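K.L.:
What follows is each chain in one-letter form.
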Amino acid sequence: MKVGEILSSPVHTITPDKSVRYAAELMNELKIGSLVVTEGGETVGIVTSRDLRVTHPNRIVADAMSRDPKSIEPDVYIWNAWDLLNEFGVERLLVCEDGRMVGLVTREQISGKLSELRDPLTGLYRSAYIAAVGEDLLKRRVPFELMFIDLDNFREINKTYGHPVGDDVIVSFANTLKSQIDKSSEYLCRYAGDEFVIITLQGEQRVRGIVRQLRQTVYFCQVEVSATVGKVGPRDAPDFFDLPFRELVTRASLAGTKLKSHADTAKNPPVG
Amino acid sequence: MSEHTYYSRKATLALKISEFEVPPMQDLLIVGKRAPIGPEAVKRMADALSPDQFIVIKLDHPTVEAVLLRKSLLQLMDQETILKVILEEAGRILEDTMVLRSELKISLSVQREVHLA
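Residue numbers (my numbering), protein chains in the order written: chain A, 2 to 273; chain B, -1 to 115.
Treat the hints as calculated values from the structure; they're not laboratory data.
Any given hint could turn out to be false.
Once the Cα atoms are required to be at most 30 Å apart in a straight line, the calculated DSSO-like pairs of lysine-lysine come out as [unchecked claim]:
1) K71/A <-> K41/B
2) K71/A <-> K82/B
3) K8/B <-> K41/B
4) K19/A <-> K41/B
5) K179/A <-> K140/A
Away from chain A, derived, C-beta distances all over 10 Å, residues of chain B [stated by the list, open to error]:
6) P21
7) P49
8) S70
9) L72
10) G89
11) L98
12) E101
13) L106
Pulled a few chain A residues facing chain B out of the computed Cβ check, cut under 8 Å [as the list claims (entries may be wrong)]:
14) H57
15) N59
16) R60
17) I61
18) A63
19) D64
Given the structure is predicted, the values throughout are model-derived calculations rather than measurements.
Built from N, CA and C at the ideal position, the CB exists for glycine as well.
Just need the whole structure built from these sequences, with the hints factored in.
P.N.:
Here you go:
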C-alpha cells in the first residue's frame, strides 16, 4: 500500500499575494481543506483551513501559510508516510515525483487506510502489510529473512483458560515482539490467530537471536507460553527472488510445523 | 387645498488634500500578532515603495509579531538595542490587532579632547 494509491489529485494552488478571505472562499467553493501556495512555478508553502481560521481575513496568504511544506514520493509506503507526518508534526504531505507535484496526502487519508490494515486486538498490522513489504523487497531483490512465529499449544490455552485469557496472551506476546524488533530494518505483523510474521533485513545471525529469545518459555497472565519459529531466507531457497511471497510464507510456516512435529516426537516417541 | 410636493436630492463633496508621504511608514512599523496586515505583506509593501531600505524582523513576543525597521538605523545602533527599546515602549500600548507607526531618530553626541601641537 503506497502513497501513490491514496493521494488526492489534482492539487489546487494559490499565489501568496492573494488575501486570506479569497483563499477561504476558494477552499469553500472547492470543498477542500488546503491549498498549495506557489510563486513563479515554485512551491513556497501550504495554507490550510486551520491556518485561515486564526488569521485576519485581510492578511495575504503569505502571512498565513506554513512555509517549507514536507514532500514525499508516491512509491513510499503509507506506514512510512505516517511516521513522517508524526516526525514533522504536520497534517499533510505533498506528493512529488521527479520534482513535479502530483498530489497531496493527508493525515486523515493515511490514518484511514492504516486502520484498515491494523489488527484491532494487538494494534499490529495484518498480513496484507507484510505481503506488501515482502513483495516490494522481492521486486527490488533486497535479501531478507522471513520468520513465521506460531504459539505452541494455543488451542490448549484457549480450552484450559478460556478465550479472553487467550486474547490476553496474544496481546502480551504481540507487545513482546513489538519491543524486540528494530523498526528501521524489521517488519512485524499478526498473520492470523496465534501466528505472527517478522521480516528482518539484518541477516541470519539476527534470526538466530530472535529465535533463541522466542523459544524460551515465558509466562503471560500466569500462562506458560512458548513459540515455534520457522524461517526462510535466500540461503534456504536458491530461487528465493523468483518465488512469490506467498510461497515464502508457506515454506516458513511448514518449516515451523516440521519443527513442532520433531519436538512432539522427541517428547512422545512413536511406539512400535 | 392643493398638495405641493417638494423633492430634492443633493450631495456635498468635501476634499481634504495633503501630501502622501513616501514612504508612509516613516522609520518603523510594529505589527501586532492579529493585525489585519502581516509581516510578509508589510515587507512587500516596503519593498515596493522603498526598495532595499527596510527589513522585517520577526519576533517571539506575546503581542508583537514583527517589526519593520529602516535599515539605515542599524548603522547607528545595533538591532538588539533598538528592538529592546521599541518593545519596552510600544509593547505597553500595542494590542495584538494593531499596527503602529513610529519615527525613530537617533542623535549622536560626541565630545573629544585632543592634544594641541
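K.L.:
A separate judgement is required for each hint: does it hold in the structure or not?
P.N.:
Tested hints:
1. K71/A <-> K41/B: 25 Å, holds
2. K71/A <-> K82/B: 35 Å, violated
3. K8/B <-> K41/B: 43 Å, violated
4. K19/A <-> K41/B: 15 Å, holds
5. K179/A <-> K140/A: 26 Å, holds
6. P21: 19 Å, holds
7. P49: 17 Å, holds
8. S70: The claim stands: S70/B keeps its Cβ more than 10 Å from every Cβ of chain A (closest is about 26 Å).
9. L72: 24 Å, holds
10. G89: At roughly 20 Å from the nearest Cβ of chain A, G89/B sits farther out than 10 Å, so the non-interface label holds.
11. L98: Correct as stated: the minimum Cβ-Cβ distance to chain A is 16 Å, above 10 Å.
12. E101: 25 Å, holds
13. L106: 36 Å, holds
14. H57: H57/A check passes; min Cβ-Cβ to chain B is 5 Å, inside 8 Å.
15. N59: 4 Å, holds
16. R60: 5 Å, holds
17. I61: For I61/A, the interface hint holds, since the closest Cβ of chain B sits about 5 Å away, which is under 8 Å.
18. A63: 4 Å, holds
19. D64: Holds, because the Cβ-Cβ distance from D64/A to chain B comes to roughly 3 Å (cut-off 8 Å).
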